[in-house]
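Enquirer: What follows is the residue order along each chain.
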Amino acid sequence: MRAPIHLASFGCLTALGDLPSSFASLCAGESAVRIGGARPDWAPEDMPIAMVPMDVSAYSRHRTFGLAIAALDEAIRAGMSIDPDGLAIVFANTTSGMLLGETAIAQHLAGDSPEVPEDYLWNHLAHRPAEAVGDWLGATGPRVVVSTACTSGTVAFGVAADLLRAGRCKRALVVGSDALCRTTLFGFRALGAYTRTSCRPFDVERDGMAIGEAAAFALLEPGPGDLELIGCATRTDAFHLTAPEPTGKGLVRAVLAAIAPEGIDRGAIDHVNAHATGTPTNDGVEALSIAEAAPNAPVSAVKGAFGHTLGAAGVVEAVILAESMRRGIVPPAVRCAQAIPGVAVHDQPRFVPQRVGVSVNLAFGGHNAALALRWSGTTERGR
Amino acid sequence: MKVSVLAAGSLAMPAGGQDIPRPTRVEAGGWRRFSRLARLGACALSPVLESAPDACRSADVDFDRDELALFFGTGIGEFLSSYSFLKSLFTKGPAMASPLAFQNSVHNAAPGHLSMAFGLRGPSETLCAGPLTVLRTFERAMVHVVAHEQAAIVLLADDLGADSELGWRLAGVDAPLAEGAAAFLIAPARSGSPVLSLVEARGDEALRSPLWPGEVDGARTIGCAEGLYSTAEAHLLAQAFARSEGLRIGFRGERTALDLQALP
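Keeping their order, the protein sequence lines are chains A and B.
The numbering of the first sequence is our numbering, which starts it at 1 and goes up by one.
The numbering of the second sequence is our numbering, which starts it at 1001 and goes up by one.
Since the hints were made in silico from the structure, they are not lab data.
Check the hints yourself; a few may be wrong.
As the list claims (entries may be wrong) - Computed far set for chain A versus chain B, every beta-carbon distance over 10 angstroms:
#1 GLU30
#2 ARG34
#3 GLY37
#4 PRO40
Said to hold, decoys possible - Some chain A residues near chain B, calculated using beta-carbon distances under 7 angstroms:
#5 ALA126
#6 VAL145
#7 GLY366
Said to hold, decoys possible - Some residues of chain B that are not near chain A, with every Cβ distance over 12 angstroms (derived):
#8 ILE1020
#9 PHE1063
#10 GLU1125
#11 ALA1129
#12 SER1191
Built from N, CA and C at the ideal position, the CB exists for glycine as well.
Using the sequences and the hints, build the whole thing.
Expert: Okay, structure coming up:
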């Protein structure tokens, strides 16, 4: 039997607020993904996005770093304690300081010298957000960034758990954060993956994804607890760089590998948080995978509410899953009016006691990732 | 923590921007879509995977492309692809922004391309830790190998182009720059093969990255592959493996070291 690892604390900061606000809004069917509304001045008005309505520049001039520190600071002010001694920082991220990097590169392309020369490359090297959060907390353990695109957050849990079990750190803080930037917004539009309407996960008329920004965290500690991380796994399609393999077997392999260490049968999975980007291809394949990997499980999909938060998505969604298990509530799939056949999503929150919950993500590179949580505490139904 | 090194391969190019030879295992069509980082990675990985079945058989460990884990470490990542995408966006407008450059701009694009080229369907992780990338990627992979008692691939790569060289200079780095990749097939430690150990370095034994030669503080400097950023250490480890030599490399700001020893 492997040494147990539990989630001692967790939280998030999404376009719908902190964890209590985000979860309540999600269950009320609210969405922060909108055309118009709060947005950076460079973002086109006709592109739906979900922006965190908060100025985090006091924490860092890099918004991705600032969102992460703001989420942690809010939790610490509310009573969470994090011992920095031997604390590993495992940060999930895709864009680092790219938002300011874009400005520096634009200045260079226009024939000017970048106003902040380090922004051109150095400040958006991938490891920088882990350094920023590690320095802010005074963490003395290993610091590493996981950058496997949209599976980064889920993979980060596995990295952190293995570091803990191997004794490479005393405790591990998994953090995910990604801010809006031109690269991702215009990049997904260039790929033809961006919605022209709104993100509608698993809806029969879904037409694409919408990007949101968020930060989330989970503090992992060794030993048993009410909420344990029981497995994490990734598998690769080796099929296409951006499209999922049509049968979805890579994701099935990842889910089964995530529950295997505890000998859990697929029929015992009580809740699956789906990746569900709202693109026609992803959601169709994912529906097949979930039907095979967790045939009895109700399914939730949060991107209609928060948008696709990219490198942060795995952590955001693990945190929402954790809150869902703690409260015994499976959230609705916001903006899914008519679900594709075979997917057990609903338009209202449901009270479902959950012992085993799974969260999955898919990513560029043909990556599939899954994590499994076990709740053994008292369900705070209806809180 | 110790693992065996069953095979290694590396490529170091003294200047960026040169043609990278396509391994015969990689089809020309796929090669055209590869980022520069993926091409460097392919050159280091290809010989390792060619020798992997025999090496695993000799070491009595399974070689299964459905389960073989790939741990990819990169300090710089896909800067060149990101730059290329932004150049298309800023000079041609959003309608002409390059989807190919965008899909290659994620840091795990290289292992994605390589998984298709070499049929790798197992776990895949991309890790970035700046100058400690080699250390952290090996640490991660070694933990996995020990915990799962399986073989795994460690691949380190960092590239260089005129656009990224400018970035380094703007950041005040005046050291020589280069690019390269290194790949290792590692497995649970067993006698008869070189052992890679993660050790706590003591004092001057901790050597430091050649990117900061001024910070070596009298320790023995590493005499080649300067400017490969974090990949330099991996290249040196691969060379040490090929020569059956022992090598200890410390990391900037830490007391942890990687130690490759060819044991009888």
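Enquirer: Each of the hints needs a verdict: does it hold here or not?
Expert: Hint check results:
Distance check on A/GLU30: its Cβ is at least 30 angstroms (rounded) from any Cβ of chain B, clearing the 10 angstroms threshold; non-interface status holds. Non-interface status of A/ARG34 relative to chain B is upheld: no Cβ of that chain comes within 10 angstroms, the nearest being about 20 angstroms off. The beta carbon of A/GLY37 sits about 20 angstroms from the closest Cβ of chain B, which is more than 10 angstroms, so the claim that it is off the interface holds. At roughly 15 angstroms, the least C-beta separation between A/PRO40 and chain B is larger than 10 angstroms, which holds for a residue marked as non-interface.
Satisfaction of the interface hint for A/ALA126 is found here, the shortest Cβ-Cβ separation to chain B being roughly 3 angstroms, below the 7 angstroms cut-off. Annotation: interface hint on A/VAL145 holds; nearest CB of chain B at approximately 4 angstroms, less than 7 angstroms. Given hint, A/GLY366 at the interface with chain B, holds; its Cβ is 6 angstroms from that chain's nearest Cβ, closer than 7 angstroms. The beta carbon of B/ILE1020 sits about 19 angstroms from the closest Cβ of chain A, which is more than 12 angstroms, so the claim that it is off the interface holds.
The beta carbon of B/PHE1063 is kept farther than 12 angstroms from every beta carbon of chain A, the shortest such distance being approximately 16 angstroms. Consistency note on B/GLU1125: stated as away from chain A, yet its beta-carbon is not over 12 angstroms from all of that chain's, at 6 angstroms minimum. Distance to chain A contradicts B/ALA1129 as a non-interface residue, since its nearest Cβ pair spans about 5 angstroms, not more than 12 angstroms. Here B/SER1191 stays apart from chain A, with its beta-carbon at least about 22 angstroms from theirs, past the 12 angstroms limit.
Of the numbered hints listed earlier, those contradicted by the structure are 10 and 11.
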